[in-house]
Amino acid sequence: MSTFLEVKNLHVSFPTEDGAVLASNDVSYSVALGETLAIVGESGSGKSVANLAVMGLHNPQRTKISGSAILHLPEGPIDVLSAPNETVRRLRGKAMSMIFQDPMSALHPFYTIGDQIAEAWALYNEGSKADGIKRAVEMLDLVGIPDASKRVHEYPHQFSGGMRQRVMIAMALVNNPSLLIADEPTTALDVTVQSQILRLLADLQKEFNMAVILITHDLGVVAEVADRVSVMYSGRVVESAPIDEIFYNTTHPYTRGLLNSIPRVDNNGIGTRLKAIPGQPPSLISVPKGCAFEARCEFASHVSGGLCHAVNPDLVEKAPSHFGRCHLTGQQVIEIANQNNGVK
Amino acid sequence: MLKYVSQRLFYTVLLLLLVSLSVYFIFDLLPVDPARLVCSKNCSPALLRDTRHKLGLDVSVIEQWLRFLQGLFIGRDYGVAAAAIHCPAPAFGYSFSRHECVSTVLSHAFPVTLSLAVLAFILWMTVGVSLGVLAARKKGSIFDRVSTVFVLIGTSLPTFLTGVLVVIFIILKFNLVDPLEIGNWSNPLTDPIGWLQTFIWPAATLAFAYAATYTRFTRSNVIETSSEDFIRTARAKGLSEKVILRKHTLRAALAPLVTLAGLDFAGLLGGAIITEKVFGLDGLGGISIEAVTSSYDLPIIVGTTIVASTFVVVANLIVDITYAFIDPRVRHA
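Chains Y and Z are the protein sequences, given in the same order. Under the working numbering, the first residue of the first sequence carries the number 1, and numbering increases by one thereafter. Under the working numbering, the first residue of the second sequence carries the number 345, and numbering increases by one thereafter.
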């Protein structure tokens, strides 16, 4: 698999009156064609901010961005963070597309969905309006909207939430992009509809051999579709590993906390209380000099000399292609966790 | 859609009937007897009864109203036999202070009011909307701040002040219009320059107040719409900023302006009382204020009230239908 997007040392900050909000702090990740990278984290962890920067969708007047985000296009690599706005605009919808969290508000209420899809198509294709609508019908068919040739002339409010997200997907894919960024695409939907949408995304990814970045806070969603996972906390990537490694060999206390906070149906899960991570993430305005998770971390007391408080750990390879940002080794984390469970 | 329109039409007719009926009831309650005013000093009970009969005031309010409705469709005779004065349909009544059918008075006053309203409307829409859009696009800039000052001044200065200032410091000071010609009616088709000379200043005065409101409204709507999710979607598609503004932002941001503009315009068609007075225009506003303050000319008051409310009600209907065309969510609701 060839890497398509390579994000390196991405910093995104928003100047405010109280100081700059460092929403994305030295973030690096990459995704290859045909691969799904899940970016996981709670609200405000910087997962959307980083990807909106890649898409060039931040307001340049109110955002400071540094680092690089290289798209490996067939005609050569291009850094979308330093390329002129107009160049990046011409990549949007064609090389990279994005779908958003709330399909209820993401479509223009005054235009038919056919018009909106055809508008995206016409940006990169020669042809009449009728050709665009024909293409829209094909796409609607593809994303599983029944009776597409009739529904293409309907307005967004005539569709249900799940159907609207399908429309969004159809619109995002109408120009065969190589990269699809899905920003919490199922958060606003019913659970049954969620898995339909995820399956649809997975099928389409195979069909188009796309690189997919799935932004989510739902580890259940991750387990279903992702190849690799990057966990973000307080603007930083804290753990990054292939999917099985994340679920079975977690090396980072925060990821452990996330996993413990979701319900399980196996024997270990039934009858026990869900374990929430205590406390709140730190403010992104005054970033602590040590580990951002230290204040909430039940493992921090096992690190001697107040190291966690003083020094922010680097992202290092804990196991083959498994990166973590913690002063403890993966093995130590597992041992301490087992001890703690034993005490209870 | 057809059902929606016919339903609305039905309610519009019903509403107009109710409005006219209530106007009759209100004027019946007033402690002024038009007949007594008309027959003035040498009034005998017999003469009073006669006048009352001539004016059609010797029957119940309901019957007066029914006659009024009838008159609207087939015209009406005032007085008896040879002395009768015929007002052709639509007859709103007969003004005994002006010795004219109310419809004739209205038909002379209406072009004045219409001219003022149309010219003011064009001015304030152009200025208000473009200032609002520019201010929103350059939010926080010097331009935006200057436009805020404009909005503040425009909304806080009443037209009786700005109007007088315009008359004294612009028209008279620079001799732009012959003082004797102020408020003179010229036909826009035969004498467009004269028409413009008469109406440009009152229209500008009126437009100044409205444009300020429209600037503020447009600015806030454009800013609000710009942060909508569907604008982000449009950007994610790869559309250029120009297309996004024209096709996506403005379409959604200006839709509510249709409602506001329709109703404001309709309101002005009923007469801009203060502005007309300041600039000496004999429009609907001018004649109603005269009818109310000096001659107690009830038929005129009834006529102008009904005409003004008809405009508002009809404008409401037009606005609703237009809005259904603009916003599909209304159409399907």
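Just so you know, these hints were derived from the structure itself, not from any lab. Just so you know, not all the hints are guaranteed correct.
To be verified - Quick list of in silico lysine to aspartate or glutamate cross-link-like pairs, DMTMM-like style, CA-CA up to 20 Å:
1) Lys-275(Y) to Asp-227(Y)
2) Lys-94(Y) to Glu-525(Z)
3) Lys-586(Z) to Glu-6(Y)
4) Lys-483(Z) to Glu-6(Y)
5) Lys-591(Z) to Asp-218(Y)
6) Lys-64(Y) to Asp-115(Y)
7) Lys-64(Y) to Asp-79(Y)
8) Lys-591(Z) to Glu-17(Y)
9) Lys-94(Y) to Asp-218(Y)
10) Lys-8(Y) to Asp-115(Y)
11) Lys-586(Z) to Glu-86(Y)
12) Lys-591(Z) to Glu-335(Y)
To be verified - Estimated spans, in silico, between C-beta atoms of each pair:
13) Asn-59(Y) to Phe-669(Z): 28 to 36 Å
14) Tyr-124(Y) to Thr-534(Z): 49 to 57 Å
15) Ser-195(Y) to Val-462(Z): 56 to 64 Å
16) Phe-417(Z) to Lys-129(Y): 47 to 55 Å
17) Ser-66(Y) to Arg-673(Z): 38 to 46 Å
18) Val-462(Z) to Thr-192(Y): 42 to 50 Å
Idealized CB from N, CA, C, for every residue including glycine.
Evaluated hints:
| no. | hint | in the structure |
| --- | --- | --- |
| 1 | Lys-275(Y) to Asp-227(Y) | 26 Å, violated |
| 2 | Lys-94(Y) to Glu-525(Z) | 65 Å, violated |
| 3 | Lys-586(Z) to Glu-6(Y) | 30 Å, violated |
| 4 | Lys-483(Z) to Glu-6(Y) | 35 Å, violated |
| 5 | Lys-591(Z) to Asp-218(Y) | 36 Å, violated |
| 6 | Lys-64(Y) to Asp-115(Y) | 35 Å, violated |
| 7 | Lys-64(Y) to Asp-79(Y) | 16 Å, holds |
| 8 | Lys-591(Z) to Glu-17(Y) | 34 Å, violated |
| 9 | Lys-94(Y) to Asp-218(Y) | 28 Å, violated |
| 10 | Lys-8(Y) to Asp-115(Y) | 37 Å, violated |
| 11 | Lys-586(Z) to Glu-86(Y) | 12 Å, holds |
| 12 | Lys-591(Z) to Glu-335(Y) | 60 Å, violated |
| 13 | Asn-59(Y) to Phe-669(Z): 28 to 36 Å | 33 Å, holds |
| 14 | Tyr-124(Y) to Thr-534(Z): 49 to 57 Å | 56 Å, holds |
| 15 | Ser-195(Y) to Val-462(Z): 56 to 64 Å | 59 Å, holds |
| 16 | Phe-417(Z) to Lys-129(Y): 47 to 55 Å | 49 Å, holds |
| 17 | Ser-66(Y) to Arg-673(Z): 38 to 46 Å | 43 Å, holds |
| 18 | Val-462(Z) to Thr-192(Y): 42 to 50 Å | 57 Å, violated |
Hint compliance for this structure: hints 1, 2, 3, 4, 5, 6, 8, 9, 10, 12 and 18 are broken, all remaining hints hold.
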